[in-house]
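There are 4 protein chains.
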Amino acid sequence: MHTNKQASRSPGRSAVLLMHCPDRKGIVSAVTKFLADHDGNIIDLDQHVDTEQGVFFMRVEWDLEGFAVPVDRLRTELSPLVDSLQATWELHFSTDRFRMAVFVSKQAHCLYDILSRHESGEWSVDVPLMVSNHPDLEDLARRHKIDFHVFPKTPETRAEQEERETALLKEYRIDFVVLARYMQILTGRFVREFPNRIINIHHSFLPAFAGGKPYHAAHARGVKVIGATSHYVTEQLDEGPIIAQDVIPVSHRDSVTDLVRKGQDLEKVVLARAVWHHLEHRILVYHNKTVVFG
Amino acid sequence: MHTNKQASRSPGRSAVLLMHCPDRKGIVSAVTKFLADHDGNIIDLDQHVDTEQGVFFMRVEWDLEGFAVPVDRLRTELSPLVDSLQATWELHFSTDRFRMAVFVSKQAHCLYDILSRHESGEWSVDVPLMVSNHPDLEDLARRHKIDFHVFPKTPETRAEQEERETALLKEYRIDFVVLARYMQILTGRFVREFPNRIINIHHSFLPAFAGGKPYHAAHARGVKVIGATSHYVTEQLDEGPIIAQDVIPVSHRDSVTDLVRKGQDLEKVVLARAVWHHLEHRILVYHNKTVVFG
Amino acid sequence: MHTNKQASRSPGRSAVLLMHCPDRKGIVSAVTKFLADHDGNIIDLDQHVDTEQGVFFMRVEWDLEGFAVPVDRLRTELSPLVDSLQATWELHFSTDRFRMAVFVSKQAHCLYDILSRHESGEWSVDVPLMVSNHPDLEDLARRHKIDFHVFPKTPETRAEQEERETALLKEYRIDFVVLARYMQILTGRFVREFPNRIINIHHSFLPAFAGGKPYHAAHARGVKVIGATSHYVTEQLDEGPIIAQDVIPVSHRDSVTDLVRKGQDLEKVVLARAVWHHLEHRILVYHNKTVVFG
Amino acid sequence: MHTNKQASRSPGRSAVLLMHCPDRKGIVSAVTKFLADHDGNIIDLDQHVDTEQGVFFMRVEWDLEGFAVPVDRLRTELSPLVDSLQATWELHFSTDRFRMAVFVSKQAHCLYDILSRHESGEWSVDVPLMVSNHPDLEDLARRHKIDFHVFPKTPETRAEQEERETALLKEYRIDFVVLARYMQILTGRFVREFPNRIINIHHSFLPAFAGGKPYHAAHARGVKVIGATSHYVTEQLDEGPIIAQDVIPVSHRDSVTDLVRKGQDLEKVVLARAVWHHLEHRILVYHNKTVVFG
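Chains as they are written, first to last, in my numbering: chain E, 1 to 294; chain L, 1001 to 1294; chain F, 2001 to 2294; chain G, 3001 to 3294.
Derived DSS-like pairs (lysine-lysine); straight-line CA-CA distance at most 25 Å:
#1 G:Lys3289 - F:Lys2213
#2 G:Lys3145 - L:Lys1106
#3 G:Lys3153 - G:Lys3106
Keep in mind the hints are simulated off the structure, nothing from the lab.
Chain E on its own, in the form it takes in the complex (with noise of 0.2 Å):
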């Protein structure tokens, strides 16, 4: 997060800390102490206890309006605290703005959701950067004023262009990449580059249909739902952390072209939910899934 234009939703400025650690006792009382003897006035807390795994979630956003600690301080207020809890943790202010880069190949219907939550500043993130291994989808690109890269792609040249994509990606200073439709699939160097970073649509409720043509699939096996899921894209491909779902009904009339079209509505509103929460620091990741405070 570069930039320091102000988050449509937040009229005022507020901080946010996401943060997972073992589970034990005091430990809302510890944080909410802390902001308390501050005087930060808590706008939401949400917490989870996921009681198998004994791990402790929490989200707790504050108004910075009146708080004791300067924000350039806080970090460093913040750690004895979080550190003593053992705590993985991150720290966001909403007047942070994210910087988002769009791989696209050549299906444009959630990239011309994603531009249009832009442009009419529902979403308040940068969009600097758009990467395909396709020129076709240049035109919408540019129109948006958003640098547009090609990239192709056959198995002998994937591992260097995934490098050059990788610079791209530090030389645009960009905070998370949403793949839209994009249509390679990403080695684990790349992926390992950026964790919980790269958000993903996949056009079948997962687990069924992992994989490609999935409407095909559907149709064969004769379902009465299809789904769309929105996850963090790891290594295993279509196995990272869900972040989104949702279905439509379906029935014998539909023809694998219907499953299409009915679909394609149903991908853009999941993914635009995915990215919603990850702008909103919403999502915390632990042993492949998500905790969502929604």
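With chain E's structure known, arrange chains L, F and G on it following the hints.
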């Protein structure tokens, strides 16, 4: 179908023709001309063409009031027409009444739901027989004056016990079987005796989480929806033609226990929808898929 | 319908007959006999009888390949038959292409969605004209090379402005109008010019929360679901025949702003479904209700 | 709450504090400090701030194992803290067990569902009493060994009969009442005796189709979804705080009879969800709205 109690939703008597045949020109015209020529008034007509397979499906229901062909002559009179279309067909009358057997194990929620629909008259069906591998639900059966037979099964005794079950189903003149969370696998031999006559409820949105413990698997995978699937049983476990499916949203807050609780409501409703369509003669099976004229 | 660009989903040419008439015996037979007698192959047939009103509804689509009646003679040849049934009827060809006008105010989410479906070819429709009471969205129109006309309205100027709009719609040979969150009430006079030809999206599950500010009203009432309704516009505000509706769950956590954000996704998808059904000639209107052959 | 049978889902004993109070800084900190200071391990904490009204809501559940305050001292020990926050609050123990009365008329589907959840142990609740204005469902009550009292009502006898009902509810030490399709309007006097203690199921998505015959009204309006709403009963008919709502899609094919059949499945599931939340002490009521910590 053996009894002649009046179906609750059909105030008058009607007939239903369910058929599928190779697609060609003039099928609807030929069948509806037959009905019109004999003063048949169509109550409902639904047709579907699977253009990929070249198969035509139709369900037509017509009023028997004033229909010129007597009921006991109808099959004979229809035969030349439907045979000329090379159709696979069934003829049903609203005065028929199915005889249903329910197979259960220990879980009662689907059974309670079935019994209440039966007792309240929501379903026009006879339920003379229940079968279980455990004695636990005998009291429930007895309360509803349904014969209850226990067939404990081990891998060694399965085949022998199924023979007894088959004999019993024949003795009770059972038309179709509902597996209301029956936790035993049926052999191919048993299944072949009742093709498209055994309705199961599986507690996941198939094909995801086929096999045992689907709620545990769904929890481990971290899905954001869970589902239930009702299907006709075939020799391949959980791979029969799907009749009905539905899902509900879940979140990280839901433990396996919560998934079970929420899923049970789904299971009973989805199973009931499938049974309803079966009772209404609305299901055609072709190539391991269903056409449900809903 | 004025152009002859090929509809994307119909590889061959086909015709659609949409009709409703007083119910009597032999209607399906008479119509399908006409088609069979002229070598017409039915692609899709859907019929419905409103037994309460005694009205018969049918949509039949057939292949024009090999059909013995030439397209330019079809209307004449069909007339005696459908007139003898006292039917209200429409005949459409897949080679026709609707001309659609979009009315907007300041909110862009539905418009973005419409334009992307149009531009990507998802919808086979021409959009030559946009009308607004504000200049805000002119750039969007211009980007898509759509003529944009602004008609500011006050209670005093409404009638006069609508006359200009009507003239414009005629000049552009517009077949139907989509109100994509157009925040002006149309007069009865305007509405009567385009019966069942104006599609609106209302941001509630009608009949709940008709009129202004439905998200505020839903929030105040504390509902647990919010919805969107697409309907044909009639002289009674928000009381026209409903084409499509859908809902999503909400909770106490959702502020009015959250309802607006979540609802917008619903609005655009529900409006698009209604427009799709209209483009596909799948809607019949009778007694302020729709039969949608989906 | 009078009995001490163990709640099915809480393997150990726990306490729940439900509270709302004017919003200010430090509430979470103050309450969680109290728990931490007495070795309380929080199992679940959920809070919400209604920023518009300036009201803070919280539900916190903690383990009583190892908790330093004895159960019989807890109320006294908590009082100074929650009183200083000017909180409205309730304290519940997992060892408590609610006593529920069910009011019915002639329709049995919700009652069947309630009785099966009760009998199977899905709900940890006692049901000692049923009340009806008709004798029809007495056999069902008797089968489940629940006392059944009939109070026929006319406008003239309503007040008098309700006095008898009130006396009976007190005699049976009833904690809350479920109206399982009870078709009588309750007077303000009766309702005031049981504030937020009477749960009703209305067979529409309120506020649409309040009052009588909602399925008929939905059919006449031609809606494409129907719903069910569970709410606490207040003096204004069908206007109490909504606890749970859900909908299902319908079409022109559905007669009023079909809507009733489909809706009944929805009614029983939505009512059961509301009762579950009530039993789990997850509902706070404020300004005729509910906060449901689900």
